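Residue numbers (the working numbering), protein chains in the order written: chain A, 5 to 330; chain B, 5 to 330.
Note that these hints are calculated values from the structure, not bench results.
Quick caveat, the model's predicted, so the values are computed rather than measured.
Warning: the hint list may mix true and false statements.
Covered, in the sense of this in silico footprint (three residues per stretch, anywhere, with C-beta under 8 Å from a C-beta of chain A), are these stretches of chain B [as the list claims (entries may be wrong)]: (1) 46-52; (2) 97-110; (3) 215-226; (4) 233-245; (5) 314-326.
Here a beta-carbon is modelled for each residue, glycine too, at the ideal position from N, C-alpha and C.
Number of protein chains: 2
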Amino acid sequence: MYHIDMQKVKDIVSGILSGHTIENVAFVGCGASKSELYPGKYFLANASRKLRVAHYTASEFNTDTPDWLGETTVVITASLSGSTPETVQANSVAKAAGATVVAVTHIDGSELTKEADYSVIHGFEANYAAKLEKMGYVMALALEILQQTEGYDRYESMLAAFDKIFELAEKSAQSARKDARKFAARYADAPVIYVMSSGASTEVAYSTSICLLLEMQWINSGSFHSGEFFHGPFEIVEKDVPFILLMNEGKTRSVDARALTFLQRFDALTTVVDAKDYGLSGIAGDVATYFNPLMHTAVFRVYAEELSYIRQHPLTKRRYMWKLEY
Amino acid sequence: MYHIDMQKVKDIVSGILSGHTIENVAFVGCGASKSELYPGKYFLANASRKLRVAHYTASEFNTDTPDWLGETTVVITASLSGSTPETVQANSVAKAAGATVVAVTHIDGSELTKEADYSVIHGFEANYAAKLEKMGYVMALALEILQQTEGYDRYESMLAAFDKIFELAEKSAQSARKDARKFAARYADAPVIYVMSSGASTEVAYSTSICLLLEMQWINSGSFHSGEFFHGPFEIVEKDVPFILLMNEGKTRSVDARALTFLQRFDALTTVVDAKDYGLSGIAGDVATYFNPLMHTAVFRVYAEELSYIRQHPLTKRRYMWKLEY
Numbered sequence: 005m006y007h008i009d010m011q012k013v014k015d016i017v018s019g020i021l022s023g024h025t026i027e028n029v030a031f032v033g034c035g036a037s038k039s040e041l042y043p044g045k046y047f048l049a050n051a052s053r054k055l056r057v058a059h060y061t062a063s064e065f066n067t068d069t070p071d072w073l074g075e076t077t078v079v080i081t082a083s084l085s086g087s088t089p090e091t092v093q094a095n096s097v098a099k100a101a102g103a104t105v106v107a108v109t110h111i112d113g114s115e116l117t118k119e120a121d122y123s124v125i126h127g128f129e130a131n132y133a134a135k136l137e138k139m140g141y142v143m144a145l146a147l148e149i150l151q152q153t154e155g156y157d158r159y160e161s162m163l164a165a166f167d168k169i170f171e172l173a174e175k176s177a178q179s180a181r182k183d184a185r186k187f188a189a190r191y192a193d194a195p196v197i198y199v200m201s202s203g204a205s206t207e208v209a210y211s212t213s214i215c216l217l218l219e220m221q222w223i224n225s226g227s228f229h230s231g232e233f234f235h236g237p238f239e240i241v242e243k244d245v246p247f248i249l250l251m252n253e254g255k256t257r258s259v260d261a262r263a264l265t266f267l268q269r270f271d272a273l274t275t276v277v278d279a280k281d282y283g284l285s286g287i288a289g290d291v292a293t294y295f296n297p298l299m300h301t302a303v304f305r306v307y308a309e310e311l312s313y314i315r316q317h318p319l320t321k322r323r324y325m326w327k328l329e330y
Numbered sequence: 005m006y007h008i009d010m011q012k013v014k015d016i017v018s019g020i021l022s023g024h025t026i027e028n029v030a031f032v033g034c035g036a037s038k039s040e041l042y043p044g045k046y047f048l049a050n051a052s053r054k055l056r057v058a059h060y061t062a063s064e065f066n067t068d069t070p071d072w073l074g075e076t077t078v079v080i081t082a083s084l085s086g087s088t089p090e091t092v093q094a095n096s097v098a099k100a101a102g103a104t105v106v107a108v109t110h111i112d113g114s115e116l117t118k119e120a121d122y123s124v125i126h127g128f129e130a131n132y133a134a135k136l137e138k139m140g141y142v143m144a145l146a147l148e149i150l151q152q153t154e155g156y157d158r159y160e161s162m163l164a165a166f167d168k169i170f171e172l173a174e175k176s177a178q179s180a181r182k183d184a185r186k187f188a189a190r191y192a193d194a195p196v197i198y199v200m201s202s203g204a205s206t207e208v209a210y211s212t213s214i215c216l217l218l219e220m221q222w223i224n225s226g227s228f229h230s231g232e233f234f235h236g237p238f239e240i241v242e243k244d245v246p247f248i249l250l251m252n253e254g255k256t257r258s259v260d261a262r263a264l265t266f267l268q269r270f271d272a273l274t275t276v277v278d279a280k281d282y283g284l285s286g287i288a289g290d291v292a293t294y295f296n297p298l299m300h301t302a303v304f305r306v307y308a309e310e311l312s313y314i315r316q317h318p319l320t321k322r323r324y325m326w327k328l329e330y
């Protein structure tokens with residue numbers, strides 16, 4: 005229930021390597037899926053000593069296609085529905101250049117799987133952990149590509165963390181309801197909400213802002229890296245200006261902590277979702293840094309749910325999506 | 005007056021290559037400087053077939069330093085004052101790992117130049133074109149690294165564009181005053197302003213949001229890629245919601261155009277700064293895509309000035325920066 009199929013991931017990567025050398029890995033998606041590709045990209049770009057790693061919103065990949073796209077490139081695309089037009093088109097762009105495509109989607113047989121060389125079908129509805137499978141599979145693909153091409157000295161640590169992270173994230177989300185209700189009550193009428201994080205969770209802050217707040221709650225929002233906060237955004241801080249900080253356990257914790265100190269000093273309305281509070285380092289040790297996004301995503305989903313309840317604005321409510329052509 | 009010193013850039017790169025192989029190029033800065041590194045990063049990541057290219061806010065580079073940082077890495081750091089503590093520290097992190105550091109700053113002899121192997125001193129005050137020198141030198145460094153390592157088939161086109169872009173950008177900025185005043189009058193009381201762009205200008209939208217609006221005008225703001233607009237942010241659009249679109253000439257123009265069509269359809273309060281209106285393709289031809297950031301930065305500076313005048317809120321006004329320790 006709480007595991008991704010690591011053997012499937014291993015087989016995909018060994019299958020690719022039986023016919024191709026891998027020199028480039030491109031992660032391509034849109035919106036929430038783009039942000040869910042980021043932890044895999046972040047890990048691989050940081051840990052690999054040889055691979056070239058890139059991350060695109062699909063429309064950019066399609067229109068300003070990189071000069072190096074070709075047979076030594078693996079393109080990992082992701083779309084929950086498997087029907088996002090730009091991402092489906094990215095598969096075609098990749099295939100036309102001779103690249104290998106791995107599609108990660110919730111819907112077996114969807115458009116995204118049609119031109120893909122390999123498909124990974126992930127869960128979503130079952131529980132909070134299932135909502136992490138897309139992100140988890142992309143991280144696992146990145147890990148296996150690294151291990152099977154150049155090797156990775158913390159490979160076993162990564163596998164051990166994968167074994168436990170989904171159950172811990174589910175448990176953490178389940179335990180967050182009370183704090184989430186407090187958050188919702190305090191932020192229900194916020195005219196704008198800023199979201200920050202750092203490291204592998206940088207794009208969890210981004211998707212929290214553009215998807216959960218702008219798209220699903222129609223609340224004004226912006227997001228930025230906690231380290232960038234001091235180079236512009238912090239001038240917007242005054243008493244009661246609303247901020248959410250997704251605080252990391254691991255390498256960039258000091259960056260988040262510095263931003264938190266500033267928010268508290270000037271009495272901003274501050275909510276912290278701290279991966280440390282949920283015991284991340286206990287299960288992920290020296291690779292905890294890379295697993296923050298799974299914890300933040302699971303726990304903040306509960307916060308978003310509670311915000312939607314108190315505002316009587318369902319997370320599925322839309323003005324435009326599903327309603328018209330654009 | 006309107007040129008950067010290309011010979012100096014060539015000499016720096018040939019100097020590096022006389023002692024080192026270049027396999028990795030990392031662009032490291034904070035805030036506006038981080039965004040001004042992006043066009044060079046964007047060009048090199050797209051056009052190089054061999055180099056590994058990365059872009060960091062300095063605090064992340066310092067705390068979660070990539071595993072591959074070493075003797076085959078060139079780190080390009082940038083800071084206007086040359087005193088940004090995180091960026092100065094990034095020089096130390098890079099040097100400790102054996103990397104070569106090129107510092108790009110306005111202040112000769114500043115902290116940023118102390119540990120650097122090479123320094124580039126750029127203009128700023130003289131005019132709008134001078135404010136582009138930091139970005140231009142970083143792009144020129146990227147171009148020379150590419151040309152001197154693996155060669156680049158549009159090298160001459162790039163040099164020709166560099167020859168003319170600064171004068172065109174200055175002229176464009178000078179001609180934008182009237183439109184900028186109209187913009188300022190319409191946006192003076194905006195409760196929030198969203199900023200979008202794509203391609204090489206993606207981080208011009210970002211710095212417009214976090215520096216010009218949040219930092220220098222204390223106006224609520226968020227920014228995102230024009231292609232990401234349809235995957236979340238567009239649900240915030242209603243009549244009169246304020247948007248700025250920095251429209252690109254070149255590869256990603258269709259992505260920007262699609263966002264514009266949507267904004268107009270739903271009567272958002274929309275301002276477009278279009279590089280095409282200022283004749284970018286006339287001087288940059290098939291490499292126009294890469295020069296959009298210089299045009300957008302120059303022209304929008306005038307818009308920001310006019311906004312500051314009508315709001316009687318100088319661009320230099322701060323709550324925290326220069327006033328306290330943080």
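Hint by hint, here is what the structure shows:
1. Given a C-beta distance limit of less than 8 Å, the hint that chain A covers the region 46-52 of chain B holds, as 4 residues qualify and 3 suffice.
2. With 0 residues having a beta carbon nearer than 8 Å to a beta carbon of chain A, the region 97-110 of chain B misses the requirement of three or more and the stated coverage is violated.
3. Figure legend: the region 215-226 of chain B, annotated as covered by chain A; annotation consistent (8 residues with Cβ-Cβ distances under 8 Å, at least 3 required).
4. Given as covered by chain A, the region 233-245 of chain B passes the check, having 9 residues with a CB less than 8 Å from a CB of that chain where 3 are the minimum.
5. With a cut-off of 8 Å between beta carbons, the region 314-326 of chain B has 4 residues touching chain A; three or more are needed, and the interface restraint holds.
Comparing the model with each earlier hint shows a violation of hint 2 alone; every other hint is respected.
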